[in-house]
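Chemist: Chain residues, written in single-letter form:
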Amino acid sequence: MDIEKANAEATNRMMEARPVVIGMGKAIDVVPGMRDNLLMHAGPPITWERASGPMKGAITGALIYEGKAKNMDEAQKLVESGKIDLEPCHHHQSVGPMAGVTSANMSVYILENKTHGNMSYSNLNEGYGKVLRYGAYSEEVIERFGWMENVMAPVLGKAIELSGGIDIRAMVAEALHMGDEGHNRNKAGSVLFTKALAPYIVKATEDRDVASDIIKFMGDNALTILNPVMAACKGMVDVAQGIEGSTIVHIMARNGTDFGIRVSGLGDRWFTSPVGIPKGLYFPGFTEADSSGDIGDSTITESAGIGGFAMAAAPAIVTFVSGTPKDAINATMEMYEICFTEHKFFTIPSLDFRGTPTGIDLRKVVKLGITPRVNTGVAHKDPGVGQVGAGLVRPELSMFEEALVAFAEKYGI
Amino acid sequence: MAIIKVEIRTGAYYDSVILMQLQRSLAEQPGVTDAGVVMGTDANKDVLAQSGLLVPDAQAAGADDLVIVVKGESDSVVQAVIDKVDELIAARRSSGVDENYQPKSIETAAAMLPEAQWVLISVPGRYAAGVSRQALGLNKHVFLYSDNVSLEDEISLKTEAASKGLLVMGPDCGTAIVNGVGLGFANKVRRGPIGLVAASGTGLQQVAVRIHQMGGGLTHALGTGGRDLSEAVNAITARQGLDLMARDPDTKVIVLVSKPPSPKVADELVKAARSAGKPVVVNFIGYATASRRMDNIFFATTFDETAELAIRLIDSDEDFRNEPDISMFSPGQRYLRGLFSGGTLQYEALLILQHYFPSVYSNAPLDKKNKLEDSLVSVEHTVIDLGEDEFTVGRLHPMMDNDLRIRRLEKEALDPSVAVILLDVVLGYGAHPDPASELAPAIAHAIKIAKDAGRYLEVVAVVSGTDEDPQDMNAQIKLLTEAGAKVETSNDQAARYVSRLLLAIERSAKPPVEEKFKGVDLENFKKPMAGINVGLESFSESLSDQEAQVVHVDWKPVAGGNEKLAAILERMKQK
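Listed in order, the protein sequences are those of chains B and C.
Numbering-wise, numbering that gives the first Met the number 0 puts 103 at position 104 of the first sequence, and it's gapless, one number per residue.
Numbering-wise, numbering that gives the first Met the number 0 puts 374 at position 375 of the second sequence, and it's gapless, one number per residue.
Note that these hints are calculated values from the structure, not bench results.
Some clues are possibly wrong.
Stated by the list, open to error - The calculated label-pair distances, taken between Cβ atoms and stated as ranges, are:
| id | chain 1 | residue 1 | chain 2 | residue 2 | range |
| --- | --- | --- | --- | --- | --- |
| 1 | C | Ala566 | B | Glu395 | 15 to 23 Å |
| 2 | B | Glu395 | C | Asn138 | 32 to 40 Å |
| 3 | B | Arg393 | C | Ala566 | 19 to 27 Å |
| 4 | B | Gly128 | C | Asn99 | 35 to 43 Å |
| 5 | C | Ala42 | B | Trp146 | 18 to 26 Å |
| 6 | C | Gln58 | B | Glu395 | 34 to 42 Å |
| 7 | B | Asp351 | C | Ala59 | 29 to 37 Å |
| 8 | C | Ala42 | B | Lys278 | 39 to 47 Å |
| 9 | B | Glu73 | C | Glu562 | 51 to 59 Å |
| 10 | C | Gln58 | B | Gly24 | 31 to 39 Å |
| 11 | C | Asp85 | B | Val209 | 29 to 37 Å |
| 12 | B | Asp206 | C | Gln58 | 48 to 56 Å |
Unchecked claim - Facing chain C, a subset of chain B residues (Cβ under 7 Å, in silico):
| id | residue |
| --- | --- |
| 13 | Ile2 |
| 14 | Ile21 |
| 15 | Asp212 |
| 16 | Lys215 |
Source: prediction; values computed, not measured.
Each residue gets a CB set at the ideal place from its N, CA and C atoms; glycine is no exception.
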């Protein structure tokens, strides 16, 4: 076994992957293994009993949207009775931000990795504030969700097809040069994405008002591209899974209760630790005491070499952690220490166009005791409230240590 | 005819500034007449068209495609340039040094400061060997301040370092000066032509400051750690330091200082120092020597004397490199036979010889194990006192009666393994009235015996007398010289002369074993000091104060000191 070689292969596959958004469809029609009674969620596997507030809220919202429940009590009964299954998005080639709850009749972006041929999926972004993905499920939230599903999704899907596909790797590379880091800051990428699709949205519907509403909704939402970017990252890291002898941590995900990682050379096993509370900036009226535990599949961005790892590209958001642009650079510098390589395509202008730190190396994490740095949104701990801030969090070291021991056992080291 | 080639890279986005720089680099390559590197947007394709570079392949590119077009004089030139694109892009991505970032690992520090030759290590002892190994793995010299490093680790680190041409100064090395920059606790000492190698921290400092106070200066002062001259470590670092100083053209005088060394290791180190080709001042505390000087080696007993000697030797015009000519000897001729009439002269000769040869046999040896079984039969190097009672029973003392020596001279001359005969001629009242009249013919006879057998015999005579002695010393010398002897009036000089001659013969017969270490790369060593500091932050500060480049590592033990995990990580290195 040659760990170096295995890691080189894993990271190279990750970087060579070129996911392109090719269309949109209902989860039930396109996501592998999706079924009527399944809810996909963020992070490693979870039960209702252990689920956090925002996760319970998002499950409730999805079941209301699907017409299966009217409130949280009913939702709880359905899930606890086993009539509704909960499974991680990651088990279905999918990812979802925050609670990440995706049900059968929700629309998803369809991405194809043009290099390796694998597909990946993610739901639509609802914007800021009270949204389902943060566990809000008020009437207003469900209503907006209905508009997105019934009005926007069909037009957007058609527009994507008319455009011939949007190359997300190229778009992220460009956005990194425009002040995005691909996770917490997606302002530039969202504009690029909207700009690329706008001409086709106009062609995809006869109704000028609808076209205008969609373009305005996408353009106003600085997170519009987050979901396609996450799905693209999922498409990248999936081809790095299962490389014999590789110590690359290719997946990190949180469900609001557990932080989970997967290691390339250890197949589909999850290693978990309790989630932390993000440090960061809170919206007016909220404090860290209101924060839910860390949640969401969006750490897929860090897993693929952007997000917190590309912090140096996005000095504008260091204010989340009351830092200086210098701290942004140092954040990326630190991540180089635990990564196997530097990205071929994602580069950072302020570091003389050095590639972003890519491929978290389990050996280095444990050796140096430095865990990956994750940029994240912050959900309120109670169901139904939604996003209350954004900041920085680091997973606990223990699951990395556990994974290292498991690696040594598996490979007889 | 010009050739145009196109390469399309799908989905590779680069900022236009980067692309313009890449384009310029490509156009500057020999044999290239024009080049275009753009994202394949319609506007960019128009630009390509204007310069005649929009060939059909390029026309097909989309907005997300990187289009590289190169126009040049031949197919091979153009292809070669296109093949260089990745290299040119990579060259732009050299890691920018970020002075404010404190790296967490030596590897990162080394990437930030690639010119660093040294890693300064002052972490707790149980981690020091591991950190040192990392440093050696990165081809850096190690200044190992940490103590409590095991002897086994010291030996393995130094052995590894020596095989790579690297130094491990320490463990427990408190001070050193490299290229005028002090490491650890070091004084500010003037630069100059004296090179210091010391297995003693305060010894190094004291000699260094005394040299400075006396107006001298240092090229380097290398610390070896206090155990270096122990039998177990066998002076690995001191030997490397000596070799480095010997090769360094700026070092005119070498100084070796040590805490009480293993006598065996000290002997070997002194022997190695003899080949330095430069004066070497040796101050090994408690190391007994018979003389103050041995060829290019000067022994001092105090730090002050060491400094004084070193400074005095800077201006010496003596040639310390001269090797005696041994070409006239035949193969097989390698031994000394000393035939003394004076007991104490013989004793002094033995004392001097012992620094050159481990065993010199005698009827009156320094060490009982070298006692001749039969005083009449010489063995290898033999120096006899013919004035001993066993020879004088029933006859006159050899100072008066030359008969015994004349016969022994002939006997030794017949031995084909003999190269040199050393004898004394003691003049004065009471001695033989004209010893040369008998000894000179015997010497000529002995030389002839050897010559007839196809050999060359060197006879060295020590004449001990004055020109006012009844025998007339000058006349005696004349006779002996005419007979073919080399005459010395100092027993010390004579003994040293034959020692060097015989040593040269021994070396030519058996070339010295190649030094086990690879020499330190002097050119790199003499570049301005750049260091990586792991441990005490004050060492970083003092390097900065001395205007040396330094990167401080924010170090923590591997896996936070968890031994089980550290062991797994260590084993993974083999996988």
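Chemist: Does each hint fit the structure? Answer for all of them.
Modeler: To see whether the hints hold, each was checked on the structure:
no.	hint	verdict
1	Ala566/C / Glu395/B: 15 to 23 Å	holds, 22 Å
2	Glu395/B / Asn138/C: 32 to 40 Å	holds, 36 Å
3	Arg393/B / Ala566/C: 19 to 27 Å	holds, 25 Å
4	Gly128/B / Asn99/C: 35 to 43 Å	holds, 37 Å
5	Ala42/C / Trp146/B: 18 to 26 Å	violated, 37 Å
6	Gln58/C / Glu395/B: 34 to 42 Å	violated, 54 Å
7	Asp351/B / Ala59/C: 29 to 37 Å	holds, 33 Å
8	Ala42/C / Lys278/B: 39 to 47 Å	holds, 45 Å
9	Glu73/B / Glu562/C: 51 to 59 Å	holds, 53 Å
10	Gln58/C / Gly24/B: 31 to 39 Å	holds, 34 Å
11	Asp85/C / Val209/B: 29 to 37 Å	violated, 46 Å
12	Asp206/B / Gln58/C: 48 to 56 Å	violated, 36 Å
13	Ile2	holds, 5 Å
14	Ile21	violated, 14 Å
15	Asp212	violated, 27 Å
16	Lys215	violated, 24 Å
In summary, the structure is inconsistent with hints 5, 6, 11, 12, 14, 15, 16 from the numbered list given earlier, while agreeing with the others.
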